[in-house]
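S.K.: Sequence:
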Amino acid sequence: MSTIPSCEDTCQACDISVASQALVAEFTRRGLNTKGERAQLVRFLLGNIEDLSDKKRPFLWETVYDNPSARQEGIFQGRLVGRTFMEHLHIINAIEPDERVKEPPVGALILAIQAVHRALLYSISGEFELPSDRKSSEFSKNNWGDYTLITPRGDRIVKRSSVFLKAIKNLKDQQWVDIFKVAMSFRATAKQPSKAEKDEEEPLSETDSDEYDELVDPRAVGPQQLNSMNAT
1 MSTIPSCEDT CQACDISVAS QALVAEFTRR GLNTKGERAQ LVRFLLGNIE
51 DLSDKKRPFL WETVYDNPSA RQEGIFQGRL VGRTFMEHLH IINAIEPDER
101 VKEPPVGALI LAIQAVHRAL LYSISGEFEL PSDRKSSEFS KNNWGDYTLI
151 TPRGDRIVKR SSVFLKAIKN LKDQQWVDIF KVAMSFRATA KQPSKAEKDE
201 EEPLSETDSD EYDELVDPRA VGPQQLNSMN AT
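Per full-length UniProt numbering, residue 1 is the first one in the sequence shown, and the count goes up by one each step.
Any given hint could be a false lead.
[Said to hold, decoys possible] Taking lysine-lysine pairs in the DSS-like style, the calculated list, with each CA pair at most 25 Å apart, reads:
#	residue 1	residue 2
1	Lys135	Lys181
2	Lys181	Lys35
3	Lys169	Lys181
4	Lys169	Lys35
5	Lys35	Lys141
6	Lys181	Lys166
7	Lys172	Lys141
8	Lys56	Lys102
9	Lys102	Lys35
10	Lys141	Lys181
11	Lys55	Lys172
[Claimed, not checked] Beta-carbon label-pair distances, calculated as ranges:
#	residue 1	residue 2	range
12	Thr34	Asp133	37 to 45 Å
13	Asn170	Thr148	21 to 29 Å
14	Glu73	Pro152	18 to 26 Å
15	Phe27	Asn48	36 to 44 Å
16	Ser69	Arg29	31 to 39 Å
17	Asp173	Asp66	37 to 45 Å
18	Ile150	Asn93	16 to 24 Å
19	Lys135	Lys102	33 to 41 Å
The set of hints was computed from the structure by calculation and includes no laboratory data.
Just so you know, even glycine gets a beta-carbon here, dropped at the ideal spot from N, CA and C.
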């Protein structure tokens with residue numbers, strides 16, 4: 001029986017080149033020809049450069065791509081995420097329909113987000129540059145997975161792979177429809193997957209208990225609920 005392909009072995013979108021190509025396409029769309037112009041966009045889309053656990057990432061939102069000052073709407077529908085997510089969907093679609101997992105592809109969306117995050121980090125100068133230490137640039141659990149930080153006050157889990165897990169699991173059906181629409185708009189630009197082994201995808205940690213107010217999408221809540229959130 002076929003299973004979901006694993007990131008390390010089969011998923012094209014886990015390769016940094018897919019997300020970096022999406023970023024180059026965005027540079028071209030905007031007519032950004034200098035390193036300075038490109039670096040300015042990268043820094044805006046990336047947000048916090050230092051903390052991989054920071055949830056405030058402008059590149060996640062659809063509305064900021066054409067109007068940086070617009071209210072952030074369309075969570076996980078940003079152009080870079082959508083273009084990269086499309087590659088994951090190609091892998092998933094290679095599986096026979098009756099053998100696919102019926103739930104939304106939560107893990108695939110997380111991997112697409114992380115691939116974009118990596119591409120932006122390595123393009124912070126306005127030009128894509130991998131670290132001289134290639135091991136530190138690998139898409140591995142050591143570099144991008146959750147880990148336990150031991151402190152004098154006790155151990156705490158630092159979320160990197162699961163930082164958006166709760167928010168993604170809480171997406172409404174219509175939000176998933178919108179995310180798929182954005183991804184499918186890039187279908188013509190996505191590569192067709194090669195035949196690959198079908199390995200079990202390692203589940204993500206669900207150690208998630210904090211709030212995700214900054215990830216509330218105004219499109220997905222009613223006016224009264226949104227006003228209540230803003231008031232607090």
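S.K.: Run every hint past the structure and note whether it holds.
M.R.: Hint check:
| no. | hint | verdict |
| --- | --- | --- |
| 1 | Lys135 - Lys181 | 35 Å, violated |
| 2 | Lys181 - Lys35 | 31 Å, violated |
| 3 | Lys169 - Lys181 | 18 Å, holds |
| 4 | Lys169 - Lys35 | 37 Å, violated |
| 5 | Lys35 - Lys141 | 31 Å, violated |
| 6 | Lys181 - Lys166 | 22 Å, holds |
| 7 | Lys172 - Lys141 | 29 Å, violated |
| 8 | Lys56 - Lys102 | 30 Å, violated |
| 9 | Lys102 - Lys35 | 43 Å, violated |
| 10 | Lys141 - Lys181 | 30 Å, violated |
| 11 | Lys55 - Lys172 | 19 Å, holds |
| 12 | Thr34 - Asp133: 37 to 45 Å | 28 Å, violated |
| 13 | Asn170 - Thr148: 21 to 29 Å | 25 Å, holds |
| 14 | Glu73 - Pro152: 18 to 26 Å | 42 Å, violated |
| 15 | Phe27 - Asn48: 36 to 44 Å | 22 Å, violated |
| 16 | Ser69 - Arg29: 31 to 39 Å | 19 Å, violated |
| 17 | Asp173 - Asp66: 37 to 45 Å | 26 Å, violated |
| 18 | Ile150 - Asn93: 16 to 24 Å | 43 Å, violated |
| 19 | Lys135 - Lys102: 33 to 41 Å | 37 Å, holds |
Violated hints, listed in ascending order, are 1, 2, 4, 5, 7, 8, 9, 10, 12, 14, 15, 16, 17, 18; each of the other numbered hints is respected by the structure.
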